[in-house]
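Student: Residue-level listing of the chains:
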Amino acid sequence: MSDIVKVPTMAEYMAQGKQPEVLFWVGCAGSFDDRAKKITKAFVKLLNKANVEFAVLGTEESCTGDPAKRAGNEFLFQMQAVTNIEVLNAYEVKKIVTACPHCFNTIKNEYPSLGGNYEVMHHTQFLKTLLAEGRLTIEGGMYKGKRITFHDPCYLGRANNVYEAPRELIQKLEAELVEMKNCRRNGLCCGAGGAQMFKEPEKGDKDVNVERTEQALQIQPEIIAAGCPFCNTMMTDGIKAKEKEASVQVMDIAELIANAQDL
Amino acid sequence: MAFLPNIIFAIVLILGIAYFSRNVKKLIRNIKLGRDVDVSDNKSQRLKNMAMIALGQSKMVRRPIAGILHVIVYLGFIIINIEVLEIIVDGLLGTHRIFSFMGSFYGALIGSFEILAVLVFVAVVVFWIRRNIIKLQRFWKAEMTSWPKNDGNFILYFEMVLMALFLIMNATDVQFQDMQSGNIISQHIATWFSGFSDGTLHIIERSAWWLHIVGILIFLNYLYFSKHLHILLAFPNTFYGKLTPQGQFNNLKAVTKEVKMMMDTNVDPFAAPADNGEVPAKFGASDVQDLTWVNLLNAYTCTECGRCTSECPANQTGKKLSPRKIMMDTRDRLEEVGKNIDANNGEFIEDGKQLLDDYITREELWACTTCNACVEACPVSIDPLAIILEMRRYLVMEQSAAPMELNNMMTNIENNGAPWPYNQMDRLNWKNEQ
Ligand code: SF4
Ligand code: SF4
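Chains L and Z supply the protein sequences, listed in that same order. 1 is the number of the first residue of the first sequence in the numbering used here; add one for each residue after it. 1 is the number of the first residue of the second sequence in the numbering used here; add one for each residue after it.
These are computed hints drawn from the structure, not numbers from a lab. Idealized CB from N, CA, C, for every residue including glycine. Hints may be right or wrong, so weigh each one.
[Said to hold, decoys possible] Simulated coverage check for chain Z against chain L, where a stretch passes if three residues somewhere in it have a Cβ under 8 Å from a Cβ of chain L:
#, stretch
1, 118-131
2, 172-178
3, 304-317
4, 366-374
5, 406-419
[To be verified] With a cut-off of at most 25 Å between alpha-carbon atoms, the simulated SDA-like pairs for lysine to any residue come out as follows:
#, chain 1, residue 1, chain 2, residue 2
6, L, K94, Z, Q424
7, Z, K149, Z, S207
8, L, K206, Z, R138
9, Z, K253, L, V87
10, Z, K260, L, A90
11, Z, K257, L, I85
12, L, K6, Z, M425
The task is simple: from the sequences and hints, build the whole structure.
Tutor: Following this line, the structure appears as structure tokens:
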């Protein structure tokens with residue numbers, strides 16, 4: 001595995017008087033969370049491999065405001081949104097891809113009425129088009145025949161009706177895609193959404209991520225595939241709580257594809 | 001004297017309908033206590049949703065057993081009520097089975113009503129068993145005690161009795177039985193009455209006839225007090241249901257205005273606010289009047305089926321939050337406010353209570369993951385999450401009463417542009433890390 005990645009910024013493109021094909025919105029988790037940073041890197045490697053002209057905002061990126069909005073702080077959300085929109089519009093951004101369903105949902109659905117209109121894609125959708133256009137090829141490689149289940153992120157699935165792109169990618173790996181009893185629109189939340197990620201859960205008899213992990217373990221997967229850095233953390237913690245680290249891995253779809261390519 | 005039954009019938013009918021329309025007016029007034037919201041867009045999509053979800057019951061059948069049984073009861077009930085039309089005409093004119101001149105068509109019609117009546121009866125019995133013998137979990141949650149629990153059963157008994165009356169009425173109608181057309185089911189029931197004299201049969205038939213129509217009027221008036229209001233409100237509710245992606249939460253316009261002003265360098269921040277007579281907006285909701293009228297319509301439409309609660313991750317893991325309870329509490333509080341208005345000559349007098357804390361606790365509100373499972377599960381397009389979010393907005397923006405960890409998270413966003421205490425200048429460091 002090489003760790004050399006090309007990550008140009010919007011500012012650099014601007015300096016050369018050029019526009020990238022797409023802006024990669026990294027998100028807070030993707031920028032700062034140790035586990036999520038690996039997902040970011042895996043996705044960037046795929047972009048590099050496919051020769052996609054992309055750019056990031058780097059230090060000019062700021063939280064989309066999603067957790068603030070879902071916690072009820074509309075002020076803070078709109079402050080964040082308006083600030084981000086100003087930056088994006090100044091760079092004349094047209095197309096955005098992100099590996100975080102929360103950023104995806106917020107920018108796609110909640111920014112337009114505040115003046116931010118962009119074509120927004122989840123990284124699984126973007127990877128799918130790269131494949132369709134022949135810019136990226138996947139071989140099953142190390143995941144051939146493995147039992148993989150996909151945990152639907154609420155903000156990708158129910159929130160935006162994206163169910164198939166991540167599944168198609170898993171199938172491209174020639175893996176055995178197995179479904180949990182509750183999947184697609186009936187998928188159970190990992191427990192992180194609505195700002196729960198940042199607080200202790202209310203009193204109850206179980207943690208949501210443990211419940212969801214148990215549902216996944218019922219179908220004995222070797223890998224739980226995720227499409228959201230927060231789901232990834234929650235499911236990873238769930239696997240630890242069930243002491244299954246030795247037999248079950250939690251991986252983002254971008255990581256699966258990058259690993260299969262030996263990137 | 002000969003007209004006495006007709007007159008009594010007319011009086012009963014008028015009273016029944018008058019009381020019903022009084023309650024409908026109250027219902028509309030209460031719903032209008034909510035804030036206005038513009039839902040005049042996309043009429044064709046809305047009509048389609050109404051046709052599919054309310055009329056076509058498309059979301060009911062996602063749980064096939066309950067769904068199909070419900071379709072039977074629903075269709076049966078509507079279709080059999082065509083018979084009520086004949087009853088009303090007969091009752092007012094003093095005629096007997098006025099539509100029977102249609103001959104074999106009439107027979108086919110009544111015959112199919114009879115079959116439906118049996119199907120409805122059976123379906124209702126199965127519903128009763130699911131509720132009371134099998135004790136399906138979702139009917140036995142904390143909020144399903146006392147009235148809500150009885151209400152569910154009352155209506156089942158009601159439907160059983162109405163269907164039985166319809167069949168008995170046909171079975172003991174000598175003239176109808178003699179027609180030998182359309183008595184598919186009732187001819188068998190008629191054998192139970194074979195030893196009875198014509199006079200007795202007539203009395204039974206008349207009693208069943210009267211009880212049937214009176215029963216239907218009582219049913220109509222029971223609706224307002226029951227979860228069965230959904231029979232009517234499912235239609236407007238699915239029409240006004242959310243059309244945007246489920247993940248899209250509305251952007252508060254009042255906030256946008258203030259944010260734009262704060263960010264606009266041309267505006268003098270110390271200038272006195274323009275006095276245009278606008279009442280400063282209250283952010284979020286602490287009581288029913290702060291919710292939109294669509295939220296309130298949702299509350300009246302809730303069937304208390306509990307599909308939302310059974311899909312809720314918080315509820316499944318033992319937290320207090322139950323989206324069904326959110327809807328039931330909203331309706332109960334709205335009813336309380338409505339009664340207050342009735343008692344005080346049309347004006348609401350502060351009663352020291354509100355939806356927040358007196359009905360819905362903070363613990364419930366903060367347990368929500370905003371996952372939309374409840375919204376997806378609801379067969380009549382109710383959005384419990386919208387109410388939860390409005391109440392969180394009140395807690396955070398009017399009361400600064402978020403849990404401490406969330407306040408930390410928000411302070412981080414404010415200061416560093418991330419929910420964690422990292423420096424924004426370090427955002428691209430991952431690039432060079434191993
Ligand atoms: S959105 Fe909230 S209330 Fe609705 S199912 Fe999810 S956690 Fe429960
Ligand atoms: S909100 Fe919808 S799903 Fe929940 S109890 Fe009411 S009708 Fe059923």
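Student: Now tell me if each hint is right for this structure.
Tutor: We went through each hint and held it up to the structure:
1. 118-131: violated (count 0)
2. 172-178: violated (count 0)
3. 304-317: That given contact holds, which follows from 5 residues of the stretch 304-317 of chain Z lying within Cβ reach (below 8 Å) of chain L.
4. 366-374: With 8 residues close enough to chain L, the hint holds.
5. 406-419: holds (count 9)
6. L:K94 with Z:Q424: Measuring from Cα to Cα gives roughly 24 Å; hence the hint holds.
7. Z:K149 with Z:S207: violated, 30 Å
8. L:K206 with Z:R138: Holds, at roughly 19 Å.
9. Z:K253 with L:V87: At roughly 22 Å apart (the allowed maximum being 25 Å), L:V87 and Z:K253 satisfy the hint.
10. Z:K260 with L:A90: holds, 17 Å
11. Z:K257 with L:I85: Holds, at about 16 Å.
12. L:K6 with Z:M425: holds, 19 Å
Checked against the numbered hints above, the structure violates hints 1, 2 and 7; every other hint is satisfied.
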